[in-house]
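> For reference, the chains in residue letters:
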Amino acid sequence: MAGEIHARLSGVTRVYPAVAGNPPVHALGPIDLELRRGEFFSIVGPSGCGKSTCMDVLAGLSPPSEGEVAFEGKPVKGNVPDGVGAVFQEDASFPWLTVSDNVAFGLRRQGVDGAEIAKRVAYALGFMGLRDFAQAYPAQLSGGMRQRVCIARTLVLQPRLILLDEPFGALDAQTRLLMGDELLRLWRETGATVLLITHALDEATMLSDRIGAMSARPGRFLETIETGWPRDRDSSMLEGETFGHITGRLWQMLRAESKAAMGYGSEPGQADREAG
Amino acid sequence: MTRLAWIRLAIVFAAFAVLEWLVQSGRISTHTMIPPTAMVTELWALLASGELTGDLVQTLSNVAIACLLSVTVGFATGAGVHAVPRLRRALDPFLTTYYAVPFFVFYPLLVFIFGMNNLPMIAIGFMFAVVAMIINTLNGLDKIPRVYAKVARMHQMGRLATALRVQIPAAMPNLFTGLKLSVAYSFIGVIAAEFILAPGGLGYAISFAYDNFDNETMYALMLFILVLVTAINMTLHSIEQRLLRRQGL
Ligand SMILES: Nc1ncnc2c1ncn2[C@@H]1O[C@H](COP(=O)(O)OP(=O)(O)O)[C@@H](O)[C@H]1O
Ligand SMILES: [Mg+2]
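Sequence order for the protein chains is E and L.
Going letter by letter, the first sequence gives residues 1 to 276 in our numbering.
Going letter by letter, the second sequence gives residues 1 to 249 in our numbering.
Excised from the complex, chain E in its bound form (with noise of 0.2 Å):
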């Protein structure tokens, strides 16, 4: 089972075609991603380097210019295939339900008995700690609440991979730790596999079995980086010493990325250089 490769991409590229006078936009790759069954992956990297796009191609929402998308073994192709779950970085909470429809949405959708609904529905807002907002509608929460309120809804449907586009964005870092050690519950309790795109390096230092580093647009994977934690871990990671280390790493790799990313002149690509 360790080891088993849940979902690849291989050689994908993704350029955005022209519209309305504006050139192509080539947003990722080359690149090849092989996330294996049940661990936790990280991909960071500068704003506009094609962190959502590589999303979007991998739960199929958006085609491949190049290469080979692949779930559970089976082709990607223009769906979005079943047992994947994605949580968007933009706010997708639907504001004219109120928070316990919005989490019951999919489920209504697959035609689950009233009483099942009721139970995952109940068992999803406790987790993400909003039952005493069932009956709100999502303009009464806060930014970071009605983001869980969209974890909650992916939640429910028991996907067996989970994307998640810097879903904390909207969030202190303090409460960002916090919703960490939420995750890192939520993915060992439902073993599922999960994707996480984040920009804070400590974020992703502390939550993933793996990192990648991705350069400034069009995205490549520098490096990927093992952390080595137990599957049992949380938030009590930042006070050793390897989160420094590796902390540090990413922020050494991406630098001059994030620099590139801002119009800083560096070239894209340098710190690939140079870190090798």
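None of these hints come from the bench; they were simulated from the model.
Mixed in with the good hints, there may be bad ones.
Dumping the calculated SDA-like pairs for lysine to any residue here, alpha-carbon to alpha-carbon at most 25 Å [said to hold, decoys possible]:
(1) LYS143/L with TYR16/E
(2) LYS180/L with PRO145/L
(3) LYS143/L with ALA139/E
(4) LYS150/L with ALA20/E
Sample of chain E residues lacking proximity to chain L, with all beta carbon distances greater than 10 Å (derived) [what the hints assert, rightly or not]:
(5) GLY11
(6) PRO23
(7) PRO30
(8) GLU66
(9) GLU68
(10) ALA70
(11) GLY73
(12) PRO75
(13) ALA118
(14) GLY129
(15) GLY169
(16) GLY244
All values reported here derive from a predicted model rather than from experimental measurement.
We put the CB at the ideal spot given by N, CA and C, even for glycine.
With the hints as your guide, set chain L with the ligands onto chain E.
Chain L with the ligands alone, transformed into the frame defined by chain E:
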């Protein structure tokens, strides 16, 4: 009722009281205006006698038809135009200048085409209302965050399910505004047309009363239309506010 609602009611009553006093004390001649209390009693008599029923039914059914047509055609047109960005860009200037056209000037033409029946009035009400629905449908669809389409696809939803379960609910505040305006504009269109030339209806009844120096009937009918339209619009407005507030808009 909220405090604000009481204040509004008090303002309306005060206005009526002032008008009553102005007319009763002879500061406004009874040839020009009748006292509000007389309007109410006259209206009550009219309604009780059943004299008004025919006109009322005619106006309301014309408004209802115009409104129903403009909401369905407006929504369908808005959704269709939204799906073709090029067509959208081509039509935008027409949509934004549409209400600058005094299309009541076409009314005689419509009577000529359709004949002296309910169709020209329905047509005017429709023409007046449909574009408000188109514009609000476009606004509503424009405001749907792109990420909702991704969520729909993550739930393996097809086009129809996405439209019914995601796009229409997401656009609902604007669609409802379109509906509200369509109701108001249908009323304006139909009653104004009845005023100009019609075989019956509330607008026709008012103009008939005016031509025959029948102030009592004229003012009673004006009061009736005012109360009717205000009641309908306030109901729609409060539903709209609830929709908006729930979504934090
Ligand atoms: N639909 C699109 N059409 C054209 N360009 C896009 C589209 N989506 C993203 N891009 C561009 O692709 C690049 C990568 O975007 P994205 O994957 O969102 O980056 P990240 O998530 O790493 O910040 C950016 O330059 C962005 O502007
Ligand atoms: Mg992104």
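> The structure should be examined with respect to each hint, and the outcome stated for every one.
Evaluated hints:
For the given pair, LYS143/L sits about 23 Å from TYR16/E by alpha-carbon distance, which is consistent with the 25 Å threshold. Of the supplied pair hints, the one linking LYS180/L and PRO145/L holds, its CA atoms being roughly 24 Å apart against a limit of 25 Å. For a cut-off of 25 Å, the pair hint linking LYS143/L to ALA139/E stands: about 16 Å separates their Cα positions. Using a Cα cut-off of 25 Å, the hinted pair LYS150/L and ALA20/E holds, with the two alpha carbons roughly 22 Å apart.
Annotated as non-interface, GLY11/E keeps its C-beta farther than 10 Å from every C-beta of chain L; the closest such distance is 24 Å. With a least CB separation of 19 Å from chain L, PRO23/E remains clear of the 10 Å interface cut-off, as annotated. At the 10 Å boundary, the C-beta of PRO30/E stays outside the reach of chain L, the nearest C-beta of that chain being 24 Å off. Interface exclusion of GLU66/E from chain L stands, the closest Cβ pair being 22 Å apart, more than 10 Å.
Distance check for GLU68/E against chain L: the nearest CB is about 20 Å away, which clears 10 Å, and the non-interface claim stands. Separation of ALA70/E from chain L is adequate, the least Cβ-Cβ distance of about 18 Å exceeding the 10 Å criterion. Against chain L, the non-interface label of GLY73/E holds: every CB pair exceeds 10 Å, the least being about 20 Å. With a least beta-carbon separation of about 17 Å from chain L, PRO75/E lies farther than 10 Å from that chain, consistent with its non-interface assignment.
Taking the minimum C-beta to C-beta distance to chain L, about 19 Å, the non-interface status of ALA118/E holds against the 10 Å cut. With 10 Å as the threshold on Cβ separation, the claim that GLY129/E sits away from chain L holds: the shortest Cβ distance comes to roughly 21 Å. With a least beta-carbon separation of about 13 Å from chain L, GLY169/E lies farther than 10 Å from that chain, consistent with its non-interface assignment. The claim that GLY244/E is not at the interface with chain L holds, since no C-beta of that chain comes within 10 Å of its own (minimum 36 Å).
Checked against the numbered hints given earlier, this structure breaks none of them.
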